[in-house]
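Asks: Sequence:
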Amino acid sequence: MNLDKTVKLIRYIAGIPKSFYVNFRLLPFSQAIRLPIIVSRRTKLRSLSGKVHLTRVRTGIVRIGFSGTDMMDYTYQRTILKITGDLYFNGKAKIGVGAKIMVAGKLTVGKNFNITGDTTIICAKEISIGDNTMIAWQTILMDTDQHAIFDETNQRINHDQPIIIGNNVWIGAKSLILKGAKIPDGSIVGANSTITKSFNTQNSIIAGNPAKVIKEKIQWQH
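Taking numbering that gives the first Met the number 0, the leading residue of the sequence shown gets 0, the next gets one more, and so forth.
Wrong hints could be hidden among the right ones.
[Claimed, not checked] Each computed EDC-like pair below joins lysine to aspartate or glutamate, with the alpha-carbon atoms no more than 20 Å apart: (1) Lys-7 - Asp-85; (2) Lys-178 - Asp-85; (3) Lys-196 - Asp-184.
These aren't lab readings, by the way, just hints derived from the structure by calculation. This structure is a prediction, so every number in the text was calculated from the model and none was measured.
Using the sequences provided together with the hints, build the complete structure.
Replies: Encoded structure:
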């Protein structure tokens, strides 16, 4: 066994006690006993009063706080979980080192979901992410402004709005995906882009601030 595999094995073993706690807090006993969720020992648990829902139950099908890129420092970067709402996993998922996942509403992720690391997801209302979607580092997804804004008649003008991300989507590093965003199947979101509205053209490159479609009829490989 090479050094990288040995280090990874040690990290998985070190995470077993916390993984037991997370599984039995978030899942029914019949699922929790199989440890479908494996979390790093360096994962900060802010709150686990919500629920996780799995369409498949297999040991380690969801892994949180392990993978990442070479720029991620496992020793110092902490993954954060705050689940007070409902989190749905429809298959295999990898959430990398330094990710911050905060779910008060309903967050759904498809199969083969991958966050490379250091990404923030804040779900107050609803965020839906399709199959085979990859999110690069330092990206933020947020379906809320966090603070209410009122007009002169005391009516709120910035209600939370769902985010919908299709299948086979690649979101580039440092992107900002805000409430009301819709990203169609097969899309690539260019690095450092800001998405604030609905796009409908599949298999396109969406980039810029504000974002626009800059290339159509593309394909990309994982």
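Asks: Look at each hint and say if it fits the structure.
Replies: Now for the hints, and whether the structure bears them out:
no. : hint              : in the structure
1   : Lys-7 - Asp-85    : violated (29 Å)
2   : Lys-178 - Asp-85  : holds (18 Å)
3   : Lys-196 - Asp-184 : holds (15 Å)
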